[in-house]
Amino acid sequence: MTAKEMTTPRAFAELPALIARMTGDEKHSAAANSTMDVLWVLYDRVLDVSPDRLDDPDRDRFYLSKGHGPMAFYAVLAAKGFLDESVVDDWTAFDSPLGQHPDRVLVPGAEISSGSLGHGLPLAVGTVLGLRAQGRTGVRVVVLVGDAELDEGSNHEAVALAGRLGLDQLTVVAVNNFSGTHGWPGGIADRFTVEGWAGRTVDGRDHEDLYAAFTTPHPGRPLVVEALIGLEGSE
Amino acid sequence: MREVFANTVTAAMDTDPRIAVVLAEISRDAFAPAARRHPDRVINVGIREQLMVSVGGGLALAGMRPVVHTYGPFLVERPFEQIKLDLGHQDVGALLVSIGGSYDDPVWGRTHQVPGDVALFDTLPGWTVHSPGHPAELPALLEPALAGDDLVYLRLSTRANARPYAEGPGFTTLRRGRRGVVLAVGTTADAVLAATEGQDVTVLYAATVRPFDGAGLRAAVEQLDRPDVVLVEPYLRGTSALPVADALRRQPHRLLSLGVSRDSEVRAYGTPEQHDVVHGLDAGGIAKAVREFLG
Chain A
1 MTAKEMTTPR AFAELPALIA RMTGDEKHSA AANSTMDVLW VLYDRVLDVS
51 PDRLDDPDRD RFYLSKGHGP MAFYAVLAAK GFLDESVVDD WTAFDSPLGQ
101 HPDRVLVPGA EISSGSLGHG LPLAVGTVLG LRAQGRTGVR VVVLVGDAEL
151 DEGSNHEAVA LAGRLGLDQL TVVAVNNFSG THGWPGGIAD RFTVEGWAGR
201 TVDGRDHEDL YAAFTTPHPG RPLVVEALIG LEGSE
Chain B
1 MREVFANTVT AAMDTDPRIA VVLAEISRDA FAPAARRHPD RVINVGIREQ
51 LMVSVGGGLA LAGMRPVVHT YGPFLVERPF EQIKLDLGHQ DVGALLVSIG
101 GSYDDPVWGR THQVPGDVAL FDTLPGWTVH SPGHPAELPA LLEPALAGDD
151 LVYLRLSTRA NARPYAEGPG FTTLRRGRRG VVLAVGTTAD AVLAATEGQD
201 VTVLYAATVR PFDGAGLRAA VEQLDRPDVV LVEPYLRGTS ALPVADALRR
251 QPHRLLSLGV SRDSEVRAYG TPEQHDVVHG LDAGGIAKAV REFLG
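Top line first, the protein sequences correspond to chains A and B. Mapped onto UniProt numbering, the consecutive letters of the first sequence carry residue numbers 1 to 235. Mapped onto UniProt numbering, the consecutive letters of the second sequence carry residue numbers 1 to 295.
Derived by calculation from the structure, the hints in this document are not laboratory data. Remember, predicted model here, so these are calculated numbers, not experimental data. One or more of the hints may lead you astray.
25 angstroms max Cα-Cα, derived DMTMM-like pairs, lysine to aspartate or glutamate [to be verified]:
| # | chain 1 | residue 1 | chain 2 | residue 2 |
| --- | --- | --- | --- | --- |
| 1 | B | LYS288 | B | GLU143 |
| 2 | B | LYS84 | A | ASP52 |
| 3 | B | LYS84 | A | ASP206 |
From the derived model, a few chain A residues whose C-beta atoms are all more than 12 angstroms from chain B [as the list claims (entries may be wrong)]:
| # | residue |
| --- | --- |
| 4 | LEU18 |
| 5 | TRP91 |
| 6 | SER96 |
| 7 | GLN100 |
| 8 | SER114 |
| 9 | THR127 |
| 10 | LEU161 |
| 11 | GLU208 |
We treat Cβ as the ideally placed atom computed from N, Cα and C, and that holds for glycine.
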């Protein structure tokens, strides 16, 4: 256990209860649940960001591109102090900051507004280029996409360019719960590595594997972490 | 206009480290000097227009001032959802600059024509829209846009009036009369001046159409014998009919809208002047329409 974990105000085990306050059910929808472990590992141990540094130009950025099913994201933001957790109880109400898709103007800690698929990764490419132009080469930009979201062609424009430009500040975590109709035979990571990315495929429920995948160096290349959900024993 | 655009932006980049140019192959030669001086701030994404606009949004999220530029249809129509979501919805700004007007080079056919661009921007809140008629008008439009943080669309043309007419952000009065007001937007001004030669009408000129200078139009209409307005735009006919109606909502008035026809796709090549005739945007077509309207 790292020192950072020990100072965490809320524990991973409390996320299901926070999510249940939104879903009204102890059994959670696949869309929300598939991302919970990835989000926790990122905010608990990987990303250099905190609620008191939302305007710090040197903070790490997390872009939730797959905005659908944001309950786990809201739960993690609440657990980490970005959100007052009381707001989860009336989420999606007219004057709630929390909708079925996140709005960065309304949600403290949400770096992008998302919902329409295929926007987060192209935005992240631009942000990395902007950070690089400012000499902020130590800042990471991590984008979460879903496997079905990769159907959108805009992602493929971004994958190709990020690979050619060697944007090593960029990480994509592709949460693969095999939800796409036509699938990605042979896996998702290969679609990135052929374009020059470093690729790792891990169990999307295994926190140590996720942590290792996110933190092992990948100099000169952007990184894709394919997080498999639905593996035997990981439901 | 493209040369003045590139030179103005390149000069501004030397003093403002926020400015970054995003291209999709088009005009890369015009920005080659800027790319040599600022290799991290001239980004050619290849032929990837969705990515081009999103990269602009991502740059703005990182605190940069993006200038996103390519040929009109590929800047506005192909990545329209990116314009809607990756700029305005993210609460960030950008300067989008198209080249090619509505049909500057008709030999390329329909694929390279974008008469609907300003109408599309009218579906989104917060955009300033410039449609200049002469290269010399560009610096006054570009400099505040480069220094700001807001949403700006600048439509460039390879065509131009004989001289610049804009004298500020609002409408400029080119001629005064009493029988009606003719508002000429951008590159239509010379044709409008020729068409209304000797007629007792006021001619206003606009290089900036959003925000729409409703006060300027009202002031001109107040000097008329009858509140008759003719709107001449180098893009889709009637695009600014709504702002005219809003500006004159307190008084009965008549409006004639001239612009690129909405009726049918023109499946013809040739010259832009030939297409002006088809759309009634040549001096003869405008003169005839204005005479019939004013009676």
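Quick rundown of the hints versus the structure:
{"no.": "1", "hint": "B:LYS288 / B:GLU143", "in the structure": "violated, 39 angstroms"}
{"no.": "2", "hint": "B:LYS84 / A:ASP52", "in the structure": "violated, 30 angstroms"}
{"no.": "3", "hint": "B:LYS84 / A:ASP206", "in the structure": "violated, 38 angstroms"}
{"no.": "4", "hint": "LEU18", "in the structure": "holds, 26 angstroms"}
{"no.": "5", "hint": "TRP91", "in the structure": "holds, 20 angstroms"}
{"no.": "6", "hint": "SER96", "in the structure": "holds, 18 angstroms"}
{"no.": "7", "hint": "GLN100", "in the structure": "holds, 15 angstroms"}
{"no.": "8", "hint": "SER114", "in the structure": "violated, 9 angstroms"}
{"no.": "9", "hint": "THR127", "in the structure": "violated, 4 angstroms"}
{"no.": "10", "hint": "LEU161", "in the structure": "violated, 5 angstroms"}
{"no.": "11", "hint": "GLU208", "in the structure": "holds, 31 angstroms"}
This entry does not satisfy hints 1, 2, 3, 8, 9 and 10, going by the numbered hints stated previously.
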